[in-house]
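Going down the list, the protein sequences come from chains A and B. The first sequence begins at 2 in my numbering and counts up one residue at a time. The second sequence begins at 3 in my numbering and counts up one residue at a time.
One should not assume that every hint holds.
Unchecked claim - Keeping only pairs whose Cα atoms sit at most 27 Å apart, straight-line, the calculated DSSO-like set for lysine-lysine is: (1) Lys227/B with Lys53/A; (2) Lys239/A with Lys53/A; (3) Lys222/B with Lys239/A; (4) Lys239/A with Lys40/A; (5) Lys179/A with Lys100/A; (6) Lys179/A with Lys51/A.
Unchecked claim - If the Cβ cut is set under 10 Å, some of the chain B residues that face chain A in the computed set are: (7) Val45; (8) Asn168; (9) Val215.
Stated by the list, open to error - Listing some non-contacts, in silico: residues in chain B with all C-beta distances to chain A over 10 Å: (10) Arg21; (11) Thr35; (12) Asn61; (13) Phe91; (14) Ala130; (15) Pro148; (16) Phe151; (17) Arg152; (18) Leu195; (19) Lys222; (20) Arg223.
The set of hints was computed from the structure by calculation and includes no laboratory data. We treat Cβ as the ideally placed atom computed from N, Cα and C, and that holds for glycine.
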Amino acid sequence: MSASVLFDAPGPKARRRSALLGIAGGVIFAVIMALVIWKLADKNQFASYKWKPFAEWSTWKNYILPGLWGTVKAAILAILISVVFGAVLAMLRLIDVPKSNSSTAIALRAVTWIVTAWVELTRALPVLLMMLFIFGWLTAHGQGSGSGPLIATVAGLVFYNSSVMCEVIRSGVDQLPKGQSEAGRSIGLTEGQTVRQILLPQAITAMLPSLISQVIVILKDTALGYNVLYGELLYRSKPATSLNGNIFAMLVVIAAIYILLNYAISKLATWVERRLQARGRTAGPAAPAGDPAGPTNAPGVATGEAA
Amino acid sequence: MSSLFSDYQIWTALWATIRLTFFSAIGSLIVGTIVATLRLSPVGILRFVGTSYVNIFRNTPLTLIILSCSFVLYIQLGISLADSSDRAFADINGFRLAVVGLTVYHATYVCEALRSGFNTIPLGQAEAARSIGLTFSQTMREVILPQAFRGAVVPLGNTLIALTKNTTVAVTISVTELSAVLKTVTERDPGLLNMAFLVVGAFFVILTLPMGVATGWLGKRVAVKR
Chain A
2 MSASVLFDAP GPKARRRSAL LGIAGGVIFA VIMALVIWKL ADKNQFASYK WKPFAEWSTW
62 KNYILPGLWG TVKAAILAIL ISVVFGAVLA MLRLIDVPKS NSSTAIALRA VTWIVTAWVE
122 LTRALPVLLM MLFIFGWLTA HGQGSGSGPL IATVAGLVFY NSSVMCEVIR SGVDQLPKGQ
182 SEAGRSIGLT EGQTVRQILL PQAITAMLPS LISQVIVILK DTALGYNVLY GELLYRSKPA
242 TSLNGNIFAM LVVIAAIYIL LNYAISKLAT WVERRLQARG RTAGPAAPAG DPAGPTNAPG
302 VATGEAA
Chain B
3 MSSLFSDYQI WTALWATIRL TFFSAIGSLI VGTIVATLRL SPVGILRFVG TSYVNIFRNT
63 PLTLIILSCS FVLYIQLGIS LADSSDRAFA DINGFRLAVV GLTVYHATYV CEALRSGFNT
123 IPLGQAEAAR SIGLTFSQTM REVILPQAFR GAVVPLGNTL IALTKNTTVA VTISVTELSA
183 VLKTVTERDP GLLNMAFLVV GAFFVILTLP MGVATGWLGK RVAVKR
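If we strip away everything but chain B, and leave its shape as in the complex, we get (with noise of 0.2 Å):
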């Protein structure tokens, strides 16, 4: 068990997690923002770009997105995330093409929970504010976005788990997170297989659960009682 802590550095692992998640949920959420605008806009080519997006990239395996960030933005195209001067080049780049991979995918979710969002609002909302005379930029900040956001976050924080859940595909390009723990663990000392599996296993369940729980009771709390 300590051994565990001490050769396979479990601690620096889930800390790489905990902000794998952090700056992936940030970056799709202003992604999913933008492109949940665009489907949602009355102008035709805007909705298409919109719903491209969507559909590309939701019928795209993670994997295979996380694996173009590191074989053709970076090997292929040579756009690098970092200073190659650095000695932890490697270990960065890797990590934020991770980031880039986990947003783009991440963004289709975001977008669709913030879709679910506007669905919750009534028709009569949007038809009141512009009865008052508010322009469209108004009605959308004063009166449809918050309502919007409120309903969202229930589907949000399903997202934001599954994101959490999701980063363990970065170990496909080696970024050292709490799964590629497990996976050297599995070719380096077998016998401490199920340790490891029960203490990464356990961090994933303290990340999701208090996530799970808080947008739940958050949800229920901001809902527009209608």
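Bound conformation, chain A alone (with noise of 0.2 Å):
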């Protein structure tokens, strides 16, 4: 809590303006809600027939948990090779080029300006530009059906969170005192040895939190697939509302899975970070404190706030 930045500890006047204060919260609250509800329930949402098919597996079976299957294997897949992706990006712009104009040094400039200009621009872009873009690719070339909304959606968020966890590494990267790099150097590790062995595995476990983190967001993009027709938790599973008209239903359901999932996680992200912090292990001081769920506070990173 940041009572202490902003309240003294309450004496027994405050403590009874508090208590008021929050009654008559309490009742605006609950006014709300009485009024939210009442405003379904006048228009029908909470008839039985409505929440029936929940309670029967057929609707589990044939819509809810296919739906979940394909947003979890998109989210899966997009996971693993971000992961991959970034680590890889985050090492060529890490490369320290020498300042001589060799030959080799004005290549390896070139491949770090090209993978700075790639990084910088798949952020820019709106990851669901990006799924649209591959989609229309995919179609023109006869790829639309089948697993080209899979791969659309696979590809958008790769493209975009690759970048992202690039930029969370290097961050973490940053973070790490400078006699890491020298100690690494001093040993006689080439400085590709130094960056895989003694940088990266230290700077990974720093932003361990920040990364489970972005499991979040990508998990939550994923709905981002039903605009290319991926058969994620939304697009399979508003059919089954066509019959009951319970489209208000189906849609508390998925936010609840949604919330449920997401919350689980943001909790393992919170948890990791106490562990690590008890342990010591990071060199540096270790992810961005604050809400995990929340946006990256990590310098240069805006991540965690895709749809």
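Can you join these two chains into the complex? Each is in its own frame, and there are hints to help.
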């Protein structure tokens, strides 16, 4: 609690006041909720026939679970590929280019320049735009059906998130003490070995909570696949509602699934963060504190806010 | 290239994207500030309401929220946000529903950005304010909030950039903004696809790049030197 910054320990008067405020706030909140529920009930949204399908196995078997599997499948693929690509991009961006004009130095400079441009560009473009483009491209080449939607969804997620992961890893390396790479060089490791064997493992450990939080972003963003006809949770479950007209009930159930999943993942991130701090495994300061599911506050990284 | 502009009304779509961003940014700033106040208040139940709001809406995909605005708010509950006798009713209503969805979702990020702004304020500031006898609301108005907003400039800027990019999700309920252009081109004229992607993508870079530069500059400029 940040109560310490904003409030003194309450005295008897303040406690009375906050009790009153609590009651007033509670009443206002209850009134708003009652209005919402009344409005929903007025439009017959709580009718039992609209909720009964969720007590039947067939609804889950035919619609929700296959959709959930579609969501999880796309998310897992996107996470795995993004982590690998992100680490590669980070390594390429971390190359310390010698200041000579030899041809290798020029080539290296070109590589880091291209990687930098790529990372900045893919982070600046909306994920959905990349999905739509890839899907359009696949459709134009006769690949629109079949695995086209999955490829478009995963590829769009990978383009964006590998660059985000690259930046998270890079800022993790930046936070390491300078002595770490000096030590690596002094025991005769090459630069690549220093990065791979000393810097990257520490950076990834330090940034693990941020990386886990990014998993939530990816999981949520798979829902964008709805627009490229990918069979994720929303896309697969919506047809089930046409018969009973219970789209409200369905959206509530789907939202609950997402909220539970993501809440669990964010708890995992907090737990990992606490463990890392307790063990003192990170050389630098650990991943930015604060709410783990929130936007990553690492320098120069704008994450966590995609759809 | 020219047919892209004449047949697909890219300028109109760009204008819609800008308006979506503008109105949703204002809305989420207002709602986000309220939610942040709730989350930071000493009253347990208010804090619970604020925290629940953030946990519920931040963990729900934006696609689902925007889809709910159209299917639940409008179709099921019959709440329309435009004059139904208007000929452009469907467009205006869809646009406003999308603004509602974008606002609800991004308010959580505004709230968290403001909270991170609060975290930059040293304890002594509030103690000093209290010790000279300022009331809670005076402390908030004169000491805490101005500094919190300054500290929150950069995270708020990141939220604004994310919001700009997320306006594309409005295509889910058929709002004709920039990504809808790309979608239509995909369906009608695949030959124009590359060009459309380049143009629309360039628009997003042009929109978001100045935001990042401006908020980065402003963030440094207004940062409270401690």
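Status of each hint after checking the structure:
no. : hint                   : result
1   : Lys227/B with Lys53/A  : 60 Å, violated
2   : Lys239/A with Lys53/A  : 16 Å, holds
3   : Lys222/B with Lys239/A : 47 Å, violated
4   : Lys239/A with Lys40/A  : 23 Å, holds
5   : Lys179/A with Lys100/A : 20 Å, holds
6   : Lys179/A with Lys51/A  : 62 Å, violated
7   : Val45                  : 5 Å, holds
8   : Asn168                 : 5 Å, holds
9   : Val215                 : 12 Å, violated
10  : Arg21                  : 17 Å, holds
11  : Thr35                  : 15 Å, holds
12  : Asn61                  : 4 Å, violated
13  : Phe91                  : 20 Å, holds
14  : Ala130                 : 12 Å, holds
15  : Pro148                 : 14 Å, holds
16  : Phe151                 : 15 Å, holds
17  : Arg152                 : 15 Å, holds
18  : Leu195                 : 5 Å, violated
19  : Lys222                 : 12 Å, holds
20  : Arg223                 : 17 Å, holds
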